[in-house]
Amino acid sequence: MKLVTAIIQPHRVDEVRAAIEAVGVKGVTVSEAAGYGRQKGHTEVYRGAEYTVDLVPKTRLEILVEDADAAAVTDAIVSAAQTGKIGDGKVWVVPVDDVARVRTGEHGADAL
Amino acid sequence: MKLVTAIIQPHRVDEVRAAIEAVGVKGVTVSEAAGYGRQKGHTEVYRGAEYTVDLVPKTRLEILVEDADAAAVTDAIVSAAQTGKIGDGKVWVVPVDDVARVRTGEHGADAL
Amino acid sequence: MKLVTAIIQPHRVDEVRAAIEAVGVKGVTVSEAAGYGRQKGHTEVYRGAEYTVDLVPKTRLEILVEDADAAAVTDAIVSAAQTGKIGDGKVWVVPVDDVARVRTGEHGADAL
Amino acid sequence: MDFTLDSGNTAWMIVATALVLLMTPALAFFYGGMVRTKSVLNMMMMSFISIGVVAIVWVVYGYGLTFGPGTFIGDPSGFYGLNKIADTSSLAAGVGVPFLVMAAFQATFAIITVALISGSVADRMKFAAWTVFTLVWITLVYFPVAHAVWSGVGILGWQNDITPTSPIDFAGGTVVHINAGAAGLALALVLGLRKGFGREPFKPHNLPYVMLGAALLWFGWFGFNAGSEFGADPTAGRAFMNTLVAPAAAMLAWLVVERIRDGHATSLGAASGIVAGLVGITPAAASVDSWGAIAIGVLSGVASAYAVGLKYKFGYDDSLDVVGVHLVSGMVGTLAIGLFANLTEGTTWAGAGDPLAPKDGLFYGGGFDQLATQAIAAGMVVVFSFVMTYLIAMAIKYTIGLRVSEDVEVAGIDLAEHGETAYEEAK
Amino acid sequence: MDFTLDSGNTAWMIVATALVLLMTPALAFFYGGMVRTKSVLNMMMMSFISIGVVAIVWVVYGYGLTFGPGTFIGDPSGFYGLNKIADTSSLAAGVGVPFLVMAAFQATFAIITVALISGSVADRMKFAAWTVFTLVWITLVYFPVAHAVWSGVGILGWQNDITPTSPIDFAGGTVVHINAGAAGLALALVLGLRKGFGREPFKPHNLPYVMLGAALLWFGWFGFNAGSEFGADPTAGRAFMNTLVAPAAAMLAWLVVERIRDGHATSLGAASGIVAGLVGITPAAASVDSWGAIAIGVLSGVASAYAVGLKYKFGYDDSLDVVGVHLVSGMVGTLAIGLFANLTEGTTWAGAGDPLAPKDGLFYGGGFDQLATQAIAAGMVVVFSFVMTYLIAMAIKYTIGLRVSEDVEVAGIDLAEHGETAYEEAK
Amino acid sequence: MDFTLDSGNTAWMIVATALVLLMTPALAFFYGGMVRTKSVLNMMMMSFISIGVVAIVWVVYGYGLTFGPGTFIGDPSGFYGLNKIADTSSLAAGVGVPFLVMAAFQATFAIITVALISGSVADRMKFAAWTVFTLVWITLVYFPVAHAVWSGVGILGWQNDITPTSPIDFAGGTVVHINAGAAGLALALVLGLRKGFGREPFKPHNLPYVMLGAALLWFGWFGFNAGSEFGADPTAGRAFMNTLVAPAAAMLAWLVVERIRDGHATSLGAASGIVAGLVGITPAAASVDSWGAIAIGVLSGVASAYAVGLKYKFGYDDSLDVVGVHLVSGMVGTLAIGLFANLTEGTTWAGAGDPLAPKDGLFYGGGFDQLATQAIAAGMVVVFSFVMTYLIAMAIKYTIGLRVSEDVEVAGIDLAEHGETAYEEAK
Ligand SMILES: Nc1ncnc2c1ncn2[C@@H]1O[C@H](COP(=O)(O)OP(=O)(O)O)[C@@H](O)[C@H]1O
Ligand SMILES: Nc1ncnc2c1ncn2[C@@H]1O[C@H](COP(=O)(O)OP(=O)(O)O)[C@@H](O)[C@H]1O
Ligand SMILES: Nc1ncnc2c1ncn2[C@@H]1O[C@H](COP(=O)(O)OP(=O)(O)O)[C@@H](O)[C@H]1O
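Chains as they are written, first to last, in this note's numbering: chain L, 3 to 114; chain Y, 3 to 114; chain P, 3 to 114; chain C, 177 to 603; chain B, 177 to 603; chain F, 177 to 603.
In short, the hints are calculated from the structure, not lab data. Beta carbons are placed, not taken as given, at the ideal position from N, Cα and C, and that holds for glycine. Watch out, some of these pointers could steer you wrong.
Below, computed lysine-lysine pairings styled on DSS-like, alpha-carbon distance capped at 30 Å [unchecked claim]:
no., chain 1, residue 1, chain 2, residue 2
1, L, 28, L, 87
2, F, 371, P, 87
3, B, 371, B, 489
4, C, 371, L, 87
5, C, 371, L, 28
6, P, 28, F, 371
7, B, 489, Y, 87
8, Y, 28, L, 28
9, B, 371, Y, 28
10, P, 87, L, 87
11, P, 87, Y, 28
12, C, 489, C, 371
13, B, 489, B, 573
14, B, 371, B, 573
15, P, 87, P, 28
16, F, 371, F, 573
17, F, 260, F, 371
18, C, 573, C, 371
19, F, 489, F, 371
Label-pair ranges, simulated between beta-carbon atoms [to be verified]:
no., chain 1, residue 1, chain 2, residue 2, range
20, F, 371, C, 567, 52 to 62 Å
21, C, 375, L, 110, 57 to 67 Å
22, Y, 85, L, 24, 26 to 36 Å
23, F, 316, B, 587, 48 to 58 Å
24, B, 435, F, 262, 38 to 48 Å
25, P, 24, F, 374, 14 to 24 Å
Same shape as in the complex, but just chain L (with noise of 0.2 Å):
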């Protein structure tokens, strides 16, 4: 199994759980987070002074797939988020050894 993780835009958040439900994933986490990357260095004027603001609210989407789902997820991912503007976020892979659901204790592929 394969642990999806992905930075996106906040506003992005509908368009890209409609996405991943649309290639089969069940269920989501998500947290807040806030980042930069080439997105660094944008100016901002408060008070009439001007400050470099370079840590950008961000939203964090985890999503378990099993091996074979990771490609489609991680694309169904990019192309939802994508403005094409800088900010726009990343999506990694990570493997995972094992899932367990909680409710059940169920371990593995029928833990997702």
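Since the structure of chain L is already known, use the hints to place chains Y, P, C, B and F with the ligands on it.
Positioned in the frame of chain L, the structure of chains Y, P, C, B and F with the ligands alone reads:
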């Protein structure tokens, strides 16, 4: 080493912490999250109108353990977090290449 | 590629960011967390009564790097975050199968 | 008329004025707590800018348009700037309250009326457009309506030619609440629905703010209602007592409706019920007894508890229920005077013998006359306010534009329009 | 008695009434900030519903039970609804304040007293049970106590048959604070401990709310104490000054205790100290001089700073310290009158020559008489309130039930009882 | 002088006193919202402790130092404790307001003045040092300045020997705002820069609190300005109206500056503009007409909107802009009296025929005299306050120390100094 991540009901945190300490865990990182799995689709009435609320607040626990302890910790979490109701959560295990303790700079199992 | 995750003291974030940028890191994701390790067991007096406070606020940094850079980034974090006191934090490294940049759809090292 | 200062009445009216002014920031919290985190500042700024714009307009020409002589609108000449005006011109000269105190008191009513409207445009109206709207609306809608009802020489005032008896609007059922409610409806219609309307619940981001707002509104409303007596006397006491009792009854009523209908008595319901009861009792504060006040409270609470759901049925995005609360409970209160007015209990009506004087309500032996009067007055204000606001909104829409882009709406109007976010994370 | 309106006294009493009413929402914030995020709405709703229930009850029969004729309880006939009551029946007819103003003023005291009790039941009491409790408690406990002390014909009032001299309770040391404190203790005992009591610190989720609450309480308390003079005169000035000085002293005292004992002067301590000082000075506001006020402030602050820890020793879960602050500082203030009363400084006592008139305090040459009087009055109220409340709580417990399930308590009472959470995350 | 109680004037002054007292907690929110999450409690505690310390000092010896007889400072003998002082000694005995009411009113001005200073020391001053500072500063700086300007016998008061005409400071332009502003500058200079100053924006952690603070400040300021008339009369009405109009104009002006300069009209700008306008109109509230009030509002808003940027240029860390808002707008208002004073509109000046009486402003035909007077008065207060405060700050620095360690500053002063964090996460 392994990283055990658990998404559980916020009100089970105390029980789970007690359970993992009982199996020898020495540290844990806790953060807020929200999510859905099978629990999706619960409706709520608000100001006389019905809505589907699908993101339910959860707590994320992350625990670094030695390879040999991963299964025991996972089991401990599952049994302590279980209420048998939908929304109980997920636990997953990911391989870890290296761990460092910031205070001392130690690496590997010593750093746990 | 690797994912370096660091749990550090919130007030060391600026120093750590400077240190990892110095070793070539181009992006980072930041989020809030809390935790305990050796730091467990600190007591506090509140309204004349004593309590054990064990979850201390921390900041989580996640940094995607190329395999070769993982060790250098880990070291940079450890030395920048170190105050020598208990509660300094943890850093760990996890293998990553794939990374995608949402804006462009690039994959792999190009996406970092 | 001669002027003899009454320090007691003046003390009360100074305080009442400060209380009513506090209602607008209170509204900023009532409304600001109800929106999502990304629009709270914009919501609050709409109230604050109303104070800024209307206070200036009021001293420049607004007082004159409202209280100057003239049938449809006042003649402001002689009132520009409100300087060196004799206290004998005070609206409450007869009870010894100086001119400027009364002029300031009336200013606060104009301010809050326009601020009330902002509830229907949450999350999506350009701040510049709102600012222009406040200026135009207060001039073309509020001043004429206030003139008609309260100037003493207007077409819906004492002994007018239109209604069978003199209408009763003690503190602003028509001028403030029906007026703002109808305007809110028109503006919401022109603006259109928010993205996600009817699908997402748009839950309040901070309910304690809503409760703080409701509490401060109630506190200020004692100035609004008991202050509308223009003095510290037994009638002010009646208005005060009714302003305590009616919202209490409305809160209970709203919570009972929720408990039965939805299963939970909510804090948003309590806060909304209080405001509904305050709106309902506003026109009637000095002309009903305690039973009437309780009845008006219950009617307002129940009516508005149901009315806030209408927007989903009819598909207008009255975001924070200006229509459901202010228009509906404003109507309830204005009409209920026709049922419950008990003129021997409340105000001593100067010229009570006059055939055009107000009559007791239907349930107090006065027949249908007063009810008819109240309905006519309410209806005229609804129509005038709705039509005028619709035209003003259209004019702004096709000139500087009313609405922010969808991107801005989704990302949050605070950041785009004000360059700020309400809360900064700890670091 | 004849009635001549005094607009100045009336102005002050109208405002004082609004100020006291504001104290209940202020309390909602004081208490609401102290609980955890998951129970803030329930905490606030307990205060809000008190306003709803008690305001209605007051006009229906509460005023009559409290101020009607009769030894143990007032006869409400003639007072149902409070309509058409002559101003000569006003509690302050002698100083020209209309009946309804005084009736509304007294209503606000009843409201806040029941709301105060809610502090001891945080996080765990069914909302329906609380609502029933407010209705029953106000009727069976508050009205009798207020009648005894303030009706003029009650058993703890002026020239009663029980105490050696007439007891002094200017603004509610016994009627409000000791009464609420003893009730809070009884209710907490019947309800039982919260899960985690004594092990988890249950830290305030929002200390700025606590400070906002304390500030608004102080603001409103000027109406409470200086308003209890029923007019704007030098005695009101003395009550006002003491209400400024005593809480200031109590805040400093509490912070000093904390600094010495715990190492830190906390904001919760400052807010709690203010309230303790306000409670302490309440009965004494018009009968001590500035030195007495400072002394009462210091005593209240120190006593309550230590008393809030007693719940851990004795194992009752008085969650937000109704006992530690209101019962203890209410006692301190009530008894301290016996030490510091300086009757030539404060109120001009009608009938001062009377053998049953209050006497100066021990330190002001009046001997032990007044101290004995105060102790008897305080003791009787403690016992009556505790016993009655215990019985009422038991009755509710074994009928509709008092307490939510442990699951609900852990997951948060707001969601289960009100279907809401106080704060919604940004999206 | 004989004393005849005027219940109306007394009612107003009691309420005005409560309103001004509310301003200090309001300031706690105005300031508390502007700092980061980790210092909000410390910020608020600096205001709260000011109430505690100054209220006690005031009754013990402060009133005497301020209003006792004497050229440079008052003689406090006869005023210790403020007990048994005849109402004929009241500052407003002539209009029937009792002594203690006026003494309490004046106390609130002392309290807020020292609290205002705390804005310049955010995030980094030891709480013990601040507490000592309040005590020393109020004694050595505030009382002398207030004595000079307001005691009637001081060197900057009515018919003094220094200024060409009598200076006008109706409600505290020099005594309160210039005084606090200059003190804030001195204290900020001694304390030094915060870590990150000029590099990090130190954004407000909660802008709704800032708006709540601004709103409650405005509300309370009606007591401050209209209360400074010491009675409920037409002049109070003028002061009230100007206190409505000037901040409205200043808010609009500040927002226009921001929109043009930065692209956005911010909520922080609106709140700051309101306060700037309130500061500006404070000395002038009763001596300018509506046009003058609008002009002062605009000038204050524009001047302060630019002045808050000066700290970055000159490198002093006036953290929350005490200098930019209070010193600058205090100057604007004080000087603007020399331009806009219109003495036939506002106050009726007793002894108007006197050659030392104030004159109309430059634009109202009075020539440069009053402008010169105002400039001298303002200048003397700036210099005195700055020098004295600098010396006091140095003395504290080299005894108990002024500043927390860098570690504490970075980790958050709330936890280290008060043992608390403002908000606790939900669990
Ligand atoms: N190397 C990285 N490691 C971890 N997170 C990253 C990295 N680079 C980017 N991110 C995350 O992705 C978000 C969007 O990045 P962005 O600015 O669009 O960079 P890019 O141009 O690489 O897509 C950032 O806010 C950050 O949260
Ligand atoms: N496929 C998944 N990927 C990531 N997180 C998941 C997934 N499925 C469930 N979760 C997390 O587990 C929590 C509980 O899931 P739940 O509704 O009980 O689903 P299940 O029936 O699979 O246990 C969810 O709120 C979500 O945070
Ligand atoms: N075994 C672990 N698994 C996950 N996180 C841990 C673990 N041990 C420590 N941490 C995280 O690191 C933070 C700092 O730990 P610390 O108390 O300094 O422990 P140590 O002495 O091991 O460095 C903790 O607050 C926690 O968030």
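Here's how the hints hold up against the structure:
Restraint check for residue 28 (chain L) and residue 87 (chain L): satisfied, since their Cα atoms lie roughly 29 Å apart, inside the 30 Å limit. Simply put, residue 371 (chain F) and residue 87 (chain P) have alpha-carbon atoms about 22 Å apart, close enough for the 30 Å limit, and the pair holds. The suggested pairing of residue 371 (chain B) with residue 489 (chain B) holds, with an alpha-carbon distance near 17 Å, which does not exceed 30 Å. As the CA atoms of residue 371 (chain C) and residue 87 (chain L) are separated by approximately 22 Å, the hinted pair is consistent with the 30 Å bound.
For the hint linking residue 371 (chain C) to residue 28 (chain L), the alpha-carbon distance of about 26 Å falls within 30 Å, and the restraint holds. Annotation: proposed proximity of residue 28 (chain P) to residue 371 (chain F) holds, straight-line Cα distance about 26 Å (limit 30 Å). At most 30 Å may separate the alpha-carbon atoms for a hinted pair to count; residue 489 (chain B) and residue 87 (chain Y) exceed this at roughly 38 Å. Note on residue 28 (chain Y) and residue 28 (chain L): the hinted pairing is violated, with a Cα-Cα distance of about 33 Å set against a maximum of 30 Å.
With a CA separation close to 26 Å, the supplied pair residue 371 (chain B) and residue 28 (chain Y) stays within the 30 Å bound. Note on residue 87 (chain P) and residue 87 (chain L): the hinted pairing is violated, with a Cα-Cα distance of about 42 Å set against a maximum of 30 Å. Under the criterion of a C-alpha separation no larger than 30 Å, the hint pairing residue 87 (chain P) with residue 28 (chain Y) is consistent with the structure, at around 17 Å. Under the criterion of a C-alpha separation no larger than 30 Å, the hint pairing residue 489 (chain C) with residue 371 (chain C) is consistent with the structure, at around 17 Å.
In summary, the hint linking residue 489 (chain B) to residue 573 (chain B) is supported, as the alpha carbons are separated by about 25 Å, within the 30 Å threshold. Taking the CA atoms of residue 371 (chain B) and residue 573 (chain B), the gap is near 18 Å; set against the 30 Å cutoff, the hint holds. With a C-alpha separation of about 29 Å, the suggested pair residue 87 (chain P) and residue 28 (chain P) falls inside the 30 Å cut-off, and the hint holds. The hinted pair formed by residue 371 (chain F) and residue 573 (chain F) meets the criterion: a straight-line CA distance of about 18 Å does not exceed 30 Å.
A distance of roughly 52 Å separates the Cα atoms of residue 260 (chain F) and residue 371 (chain F); the hinted pair therefore is violated under the 30 Å criterion. Among the hinted pairs, residue 573 (chain C) with residue 371 (chain C) is consistent with the structure: their alpha-carbon atoms are about 18 Å apart, no more than 30 Å. For the hint linking residue 489 (chain F) to residue 371 (chain F), the alpha-carbon distance of about 17 Å falls within 30 Å, and the restraint holds. Evaluation of the 52 to 62 Å hint for residue 371 (chain F) and residue 567 (chain C) yields a pass: the beta carbon distance comes to about 56 Å.
Range check, residue 375 (chain C) to residue 110 (chain L): Cβ separation about 36 Å, and the 57 to 67 Å hint is violated. The supplied range of 26 to 36 Å is met by residue 85 (chain Y) and residue 24 (chain L), whose beta-carbon atoms lie about 31 Å from each other. Taken as a hint, the range 48 to 58 Å holds for the pair residue 316 (chain F) and residue 587 (chain B), whose Cβ atoms sit roughly 56 Å apart. Separated by about 40 Å at the C-beta atoms, residue 435 (chain B) and residue 262 (chain F) satisfy the suggested range of 38 to 48 Å.
Judged by the Cβ atoms, the range 14 to 24 Å given for residue 24 (chain P) and residue 374 (chain F) holds: they are separated by roughly 23 Å.
In this structure, the hints that do not hold are numbers 7, 8, 10, 17, 21, in rising order.
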